[in-house]
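The sequence shown begins at 61 in this note's numbering and counts up one residue at a time.
In short, the hints are calculated from the structure, not lab data.
Bear in mind the structure is a predicted one, so any value in this text is a computation, not a measurement.
Please note that a few of the clues may not be correct.
[Said to hold, decoys possible] For lysine-lysine, the following DSSO-like pairs were computed, each having C-alpha atoms within a straight-line distance of at most 27 Å:
1. K158 <-> K174
2. K153 <-> K196
3. K158 <-> K216
4. K174 <-> K196
5. K74 <-> K153
6. K196 <-> K158
7. K219 <-> K196
8. K219 <-> K153
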Amino acid sequence: TIWTEDFNDPNTVKELAACQPDLLIYAGGRDILRQPLLDAARLGCLGGHYGELPTIRGMGTVEWSVLSGVEPAVAIQRIDAGIDTGDIVMQAKVPLVKDDTFTDIRDRSYAMTKMMLALAAEQLLSGNARPVMQDKEQGRQYFRMHQAILDVAVEKLSKRLSQAYG
Numbered sequence: 061t062i063w064t065e066d067f068n069d070p071n072t073v074k075e076l077a078a079c080q081p082d083l084l085i086y087a088g089g090r091d092i093l094r095q096p097l098l099d100a101a102r103l104g105c106l107g108g109h110y111g112e113l114p115t116i117r118g119m120g121t122v123e124w125s126v127l128s129g130v131e132p133a134v135a136i137q138r139i140d141a142g143i144d145t146g147d148i149v150m151q152a153k154v155p156l157v158k159d160d161t162f163t164d165i166r167d168r169s170y171a172m173t174k175m176m177l178a179l180a181a182e183q184l185l186s187g188n189a190r191p192v193m194q195d196k197e198q199g200r201q202y203f204r205m206h207q208a209i210l211d212v213a214v215e216k217l218s219k220r221l222s223q224a225y226g
């Protein structure tokens, strides 16, 4: 077992590399993983993202998806040194449910991400994955949403759900 507060710490990377892992799985957080860590495993590092790639990158992606008219989605990517620019291993739409809030959608995304990470890991380890390289010129990187914009996104979600569910 390796305990660390900084995944990118050179000593942590050295200890991980010494284990000769086939694959790393980053199962959540907001850390930016640096190249030495990403190179520590033979097949790289998988991570989940709450947004359709390459369309929606960055932060607040559930809210930005709804505001932009993009279906909420979960993507599993092989993390690279960019912000949500890694090869896409798989992605799926996140279903919307009557009376959803952004918290509900994020919670559903969380559950989907954990299942999809396991499936993607199995596919990579068995050699059955077919990752798709992202066009880094497509899409946008989004940042934390201002409250006034969030209010508009909440309204848009409410309207969208009322149109779909009456």
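Right, here's what the structure says about each hint:
1. As the CA atoms of K158 and K174 are separated by approximately 23 Å, the hinted pair is consistent with the 27 Å bound.
2. A distance of roughly 21 Å separates the Cα atoms of K153 and K196; the hinted pair therefore holds under the 27 Å criterion.
3. Annotation: proposed proximity of K158 to K216 holds, straight-line Cα distance about 14 Å (limit 27 Å).
4. Taking the CA atoms of K174 and K196, the gap is near 25 Å; set against the 27 Å cutoff, the hint holds.
5. A distance of roughly 37 Å separates the Cα atoms of K74 and K153; the hinted pair therefore is violated under the 27 Å criterion.
6. A C-alpha spacing of about 34 Å is found between K196 and K158, which places the hinted pair above 27 Å, so the restraint is violated.
7. Distance hint between K219 and K196 is unfulfilled; the C-alpha atoms sit about 32 Å from each other, more than 27 Å.
8. Between K219 and K153 the CA atoms are separated by roughly 19 Å; this keeps the pair inside 27 Å, and the hint holds.
In summary, the structure is inconsistent with hints 5, 6 and 7 from the numbered list given earlier, while agreeing with the others.
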